[in-house]
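*Asks:* Chain by chain, the residues run as shown.
Protein chains: 2
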Amino acid sequence: MEIIRAIGAMREVAGRARANGQRIGFVPTMGWLHEGHTSLIGLARECTDLVVVSIFVNPTQFGPEEDFERYPRDLERDAVLAREAGCDVLFVPDGGEMYPEGYATYVYVEGLSDLLCGERRPGHFRGVATVVAKLLNIVQPQCAVFGQKDAQQSVIIRRMVKDLDMDVEIVIGPTVREKNGVAVSSRNMYLSGDERVQASALYRSLVTAKKMIEAGERDVAAIVAAMRQMIESQPAARVDYISIVDSETLKEVTRLDGEVLIALAVWFGKARLIDNMVFTIENKKGKG
Amino acid sequence: MEIIRAIGAMREVAGRARANGQRIGFVPTMGWLHEGHTSLIGLARECTDLVVVSIFVNPTQFGPEEDFERYPRDLERDAVLAREAGCDVLFVPDGGEMYPEGYATYVYVEGLSDLLCGERRPGHFRGVATVVAKLLNIVQPQCAVFGQKDAQQSVIIRRMVKDLDMDVEIVIGPTVREKNGVAVSSRNMYLSGDERVQASALYRSLVTAKKMIEAGERDVAAIVAAMRQMIESQPAARVDYISIVDSETLKEVTRLDGEVLIALAVWFGKARLIDNMVFTIENKKGKG
Numbered sequence: 001m002e003i004i005r006a007i008g009a010m011r012e013v014a015g016r017a018r019a020n021g022q023r024i025g026f027v028p029t030m031g032w033l034h035e036g037h038t039s040l041i042g043l044a045r046e047c048t049d050l051v052v053v054s055i056f057v058n059p060t061q062f063g064p065e066e067d068f069e070r071y072p073r074d075l076e077r078d079a080v081l082a083r084e085a086g087c088d089v090l091f092v093p094d095g096g097e098m099y100p101e102g103y104a105t106y107v108y109v110e111g112l113s114d115l116l117c118g119e120r121r122p123g124h125f126r127g128v129a130t131v132v133a134k135l136l137n138i139v140q141p142q143c144a145v146f147g148q149k150d151a152q153q154s155v156i157i158r159r160m161v162k163d164l165d166m167d168v169e170i171v172i173g174p175t176v177r178e179k180n181g182v183a184v185s186s187r188n189m190y191l192s193g194d195e196r197v198q199a200s201a202l203y204r205s206l207v208t209a210k211k212m213i214e215a216g217e218r219d220v221a222a223i224v225a226a227m228r229q230m231i232e233s234q235p236a237a238r239v240d241y242i243s244i245v246d247s248e249t250l251k252e253v254t255r256l257d258g259e260v261l262i263a264l265a266v267w268f269g270k271a272r273l274i275d276n277m278v279f280t281i282e283n284k285k286g287k288g
Numbered sequence: 001m002e003i004i005r006a007i008g009a010m011r012e013v014a015g016r017a018r019a020n021g022q023r024i025g026f027v028p029t030m031g032w033l034h035e036g037h038t039s040l041i042g043l044a045r046e047c048t049d050l051v052v053v054s055i056f057v058n059p060t061q062f063g064p065e066e067d068f069e070r071y072p073r074d075l076e077r078d079a080v081l082a083r084e085a086g087c088d089v090l091f092v093p094d095g096g097e098m099y100p101e102g103y104a105t106y107v108y109v110e111g112l113s114d115l116l117c118g119e120r121r122p123g124h125f126r127g128v129a130t131v132v133a134k135l136l137n138i139v140q141p142q143c144a145v146f147g148q149k150d151a152q153q154s155v156i157i158r159r160m161v162k163d164l165d166m167d168v169e170i171v172i173g174p175t176v177r178e179k180n181g182v183a184v185s186s187r188n189m190y191l192s193g194d195e196r197v198q199a200s201a202l203y204r205s206l207v208t209a210k211k212m213i214e215a216g217e218r219d220v221a222a223i224v225a226a227m228r229q230m231i232e233s234q235p236a237a238r239v240d241y242i243s244i245v246d247s248e249t250l251k252e253v254t255r256l257d258g259e260v261l262i263a264l265a266v267w268f269g270k271a272r273l274i275d276n277m278v279f280t281i282e283n284k285k286g287k288g
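These protein sequence lines are chains A and B, in that order.
Here the first sequence is numbered in this note's numbering, starting from 1 and rising by one per residue.
Here the second sequence is numbered in this note's numbering, starting from 1 and rising by one per residue.
Next up, chain A with everything else stripped away, as it sits in the complex:
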């Protein structure tokens, strides 16, 4: 596995690979790799010849009060995990080269970026879209892999790639969970042992929603209320939002029909955890 730091060098390796007819698969990350990331690297490995993983804690997607400074970083550890997972090139760009003096250009996906997490984290998805556009232009992959755990991010990246006519296939890998159901996330390292136990309520609330829907429940408010009660019974939990939205427009739905996303964000101490599930609901004719 090669480690590349300069944008020009990364571009050259990618250009050479493409000229040789190799397919490039790309997994952008902020490092502190976990099983979620390694599963995405595995997916990239399956469908391409050269797997590039980037590690870049992107400053433009953090708010001024957020955890940019204390976000966990450990390149040595990440390099081992990436290599073992099947990474060929680890791209670790420098902040100064990514955002040099005079930097001024941002990519913004209107509407989608202002809902759910975007409403609570102004500018976050503008930073995400911008850095992903930059990385795709540098790495030139045929295929880029993102995790379903960041559902809103996936919807926004798909929209951006389609809208800006970027020639890359976006693949979404399933959420990887710990044994107790907690979605694996770099930010889980902020959790105390007790908080980690309590955090399993997020997954349980999504499973409860699933059961309610399967049993015929179609009342959005009733489902959200049941989920909220389940989560708030955990003393450390502070619900940021629980929303049932259209899986493409991310707008809140008033009735359950078609593909919906149940998404939530909950604070446990210093950690803001997110989780979600997608449901396809087919209502009987006449009712729908």
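Quick caveat, the hints were computed from the structure, so don't treat them as lab data.
Treat the hints with care, as some may be off.
Pairs count within a copy or across copies, as identical chains cannot be separated in the list.
In silico SDA-like pairs for lysine to any residue, Cα to Cα no more than 20 Å straight-line [said to hold, decoys possible]:
#1 162 <-> 140
#2 162 <-> 127
#3 162 <-> 95
#4 270 <-> 166
Given the coordinates of chain A, work out where chain B should sit on it, guided by the hints.
*Replies:* Relative to the frame of chain A, chain B by itself:
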């Protein structure tokens, strides 16, 4: 010369050309081609193997009160001129395919987009940056050619390409002028015969600025005042702005030093004409 209308077909032709080792040169236009455009096509011809010209009157760069509807369009005429100038592929995308339902993504170059023409035309340069990003992603040129007449656009596109790590060289072709000095522009067709004569004052005012600077004048206000007087002596002229700015940041300068851009916009009847000149001013040491 081939005429292509579908994005997918254009992408395919470009991909095949690149796979065959051809260099693609690209000239994006809004049609109603004139000698300014054909000179840019000539420049693209010089340094590449396959010259693509796009014709697309881009709705997102027009304000609600602007001339999108009445902007001149004549594909048959344009096709002849493009072919004669050396165009290999004329790309004429459809508005519905460029901005389908649900379209949401915009590229914005902060700061630069809000000055000069951007101050008078809110959203204009957002539309320009967005459509150019899209076209570059579709046409995949190694080299794209823009005209110095649209000086602010050139600065913004250069900034965007650098910031978003787009792998394309931006070439700026010199302004082409009519015999009386008027910069050629599709919008000149809005001018009456008399207005066209009066419009030559724009170029004369820039030449006057040049002479003043060469004679040692360093007072920004004095140069602008002389230009304004010269232009306002034309009865049909209504000055929008005359500004002397840093050629890279586009911020107004208080003293003449280094590379400066003198840019102006003036209304003649229904036509808003722009023009500019770049000056490199070397002041003696001690004074600078």
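*Asks:* Give a verdict on every hint.
*Replies:* Against the structure, the hints:
no., hint, result
1, 162 <-> 140, "both (16 Å within a copy, 16 Å between copies)"
2, 162 <-> 127, "both (18 Å within a copy, 17 Å between copies)"
3, 162 <-> 95, "between (27 Å within a copy, 15 Å between copies)"
4, 270 <-> 166, "neither (37 Å within a copy, 38 Å between copies)"
Violated hint: 4 only; the structure is consistent with all others.
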